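Following the hints, put chain B in place on chain A, whose structure we already have.
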Amino acid sequence: MDNTLAPPQTRRVVLGIQEPTDFDAPELPTEPLPLNMGPSHPAMHGTVRMVLEVEGEKISSADVQIGYLHRCFEKESEFATWSQVFPYTDRLNYVSPMLNNVGYAMAVEKLMGITSLIPERAQFIRVIVGEISRITDHMTCLGASAMELGAFTPFLYMLKAREWLFELLEEVCGARLTVSYMRIGGCAWDLPAGFADKLRDILARTNDVLVDVAKLLDRNRIFRDRLDGIGVITQADCMQYGITGPVARSTGLAYDVRKDAPYLVYDRFDFDVPVGSVGDNFDRYAVRVEEIKQSMRILEQALEQLPAGSHLLNDPRISLPPKSETYNSIEAMIAHFKLIMDGIHVPPGEVYSYTEAGNGELGFYLVSDGTGRPWKCRVRPPCFAATSILPTLLKGLFIADIVPTFGLMNMIGGECDR
Amino acid sequence: MSQNVIDRLKAQFTGGELLETGAQHGDEWARVRRDAWIAVATFLRDDPATKMEMFIDLTVVDRFSTEPRFDVVLHVYSVSLKHRVRLYAGVTEEEPTVESLCSVWAGANWFEREAYDLYGVRFKGHPDLRRILMYPEFVGHPLRKDYPKEKRQPLVRRQPNSVD
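If you're matching them up, the sequences are chains A and B in order.
When you read off a place in the first sequence, starting at 1, and then add 21, the result is the number in this note's numbering.
When you read off a place in the second sequence, starting at 1, and then add 10, the result is the number in this note's numbering.
Extracted from the complex, chain A is given alone in its bound form (with noise of 0.2 Å):
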C-alpha cells in the first residue's frame, strides 16, 4: 500500500470564497430542520422573523415574516388633517425622515398642483436636509452590517459621523429622528446662522471617517468573504420584484429618481448615479459608500447656489400666518384655527409622487374627496419591494450568509411595516 500522503487538496478561492462543495459531505444524512430566526434576533437589525427549514447549515426554504412594526400608518393619516400626517411619515423610514417628509410634502403638492411655486430657497432646503439624510441612512445601513459582521469599530465610527450631522439637523428643526421639518409649500423654518460653514466642517470631518472605514473594510479578508458572490441578484429581479435604490443599482440598473425624473432643483447639479456589476453584497455596500460621496457633492453644490428668499410659500390658504400675527389680529387668528381645525383643503383627486429615499423609490400614492383629511394615504415603501425577494434569494444560501444579505437590504421596519 502506498504510504505517501495525498497532497494537500488544493481549494479553489476567488476571493476567499471557497467552492461549495469544499463543505458538502454527501454521505452524511440529513435530514430538514424548522429553524426560527427572530422577530428579535441579534444579528438583525429590524424587527422581522424568518422561519427557515436548514439542511446541514444550507437553508432548502425561508418564509420571511413582516409585520412586527406596524403601526396603521394609513389608517391613522385617514383620520389626520393633511398637515398632520408630517409626523407619522417621520417615523416611517426612522433613519431618514427628512426624505419621508419631503416624498410626502411633494405628493400633496403635486396633488394640489402648486409645485411650480413653492419658493427656490424652500426647494434647496429640502434638497440639502434630504441629502444630508441620505448620508446618514446609509452610514447606519452600513455601519450596522459592518458590525452585525464582527466589525464594531466602523459601527462605532460611522455612528459618531451620523451624530454630527444629526445634531446639525437638531439645530435646524429641534429634533434628531422625529423632524417634522417639512410643511405643504415650504419648510417649517428656515436654516439657522452659520449653517453652511458648520456642515462643510461636518462634511470635512465625515469624509476623514469614511477614508477610516474604507481602510477597515475594503480590503479586510473576513468582511469581503462573507460579502463577495453573496446574494446576487440580477437586473431582471429588480424589475419583477420592483426593487430600486442602491439595491438595484448594485446590479448595474442605473435608475435613480434624481435622475430619470428630476423633481426639486436636482438637475442643477453635477451628480453621478454608481452602478455595481455584480448585484452581490460588496456590490450593495460599495454603491452606497460612493452615493455617501455623491451626496457629499450635491451638499456642496446646494450651499453654493442656495438662493435667498422665503423658506415657505405665502399662500394663507396654505401657510400658517406668522406668530406675531395670529396673535395680534383676528384675520390672522381666525385663518391659524381653520387651517389648524379644519386642514388644508385638498382638490379631490389622485396622484402618485414619487421620490429617490434611501432605499429606493418611495412613493406617496394619495386620494382626496376635497375635505381637509386624506380619503386614502398609501405609501409605496421601497424596501418592502426588496425585503419581498428574501424568501427566493435566502434558498440555497448559508445561514450565516442571512446576516449580510439581511442588513444591506436594509430593510427598516418602519418603513417595510408602516
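None of these hints come from the bench; they were simulated from the model.
Any given hint could turn out to be false.
BS3-like mimics (lysine-lysine), calculated; alpha carbons at most 25 Å apart, straight line [unchecked claim]:
{"no.": "1", "chain 1": "A", "residue 1": "96", "chain 2": "B", "residue 2": "61"}
{"no.": "2", "chain 1": "A", "residue 1": "96", "chain 2": "B", "residue 2": "161"}
{"no.": "3", "chain 1": "A", "residue 1": "181", "chain 2": "A", "residue 2": "314"}
For clarity, every value in this text was computed on a predicted model and none was experimentally measured.
Below, chain B without anything else, positioned relative to chain A:
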C-alpha cells in the same frame, strides 16, 4: 408624458376591456374590466412600445358607498422608456376577487398579500395568499372604511382586574 401608453392600450383593446382612461396631474390612468386584468398587464409588460418591465406598486382604494366598492390600483414603470401608468380594476363588495399578477411580475406577491390583508380583496391564482402585516388570528380587514379605527383586537387578553 405617457399618453402614448394609453393610446397603445386603446388601439389594442377594442372589445370593451378598457372602461375609461384619463390623466390627472400628469399621471395617466386606465380603468380595466376585471376579467381583462391579466391580459392588459401582460400586454403592457411585453409590448415593445410600452415595455413596463418594472413592477412599482399595487394597492386598493375603498370607495365606500360607490359601485364597485373597491378599486385595485396598479402602478408600473418602464425603465427603458421612462414612462409609467396606473391601472384600476373595480371589484365589488360581494365578490372581491381579481386575478393575481404574480405570474406577470413576481413582486406582486407581497403587495397582493398586503391588499388581501388590509382590504380583503382576494387574488385568484396567488401562490400564498396569507396575511402579511396583521397576525393570522386577526378578524376583518382594517383599512376598509367600515372598520372602526378605535376597534381593538388584542392578541393577549387582559385579565379583568389587571393593573393597567
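Hint check:
no. : hint            : in the structure
1   : 96(A) / 61(B)   : 34 Å, violated
2   : 96(A) / 161(B)  : 12 Å, holds
3   : 181(A) / 314(A) : 17 Å, holds
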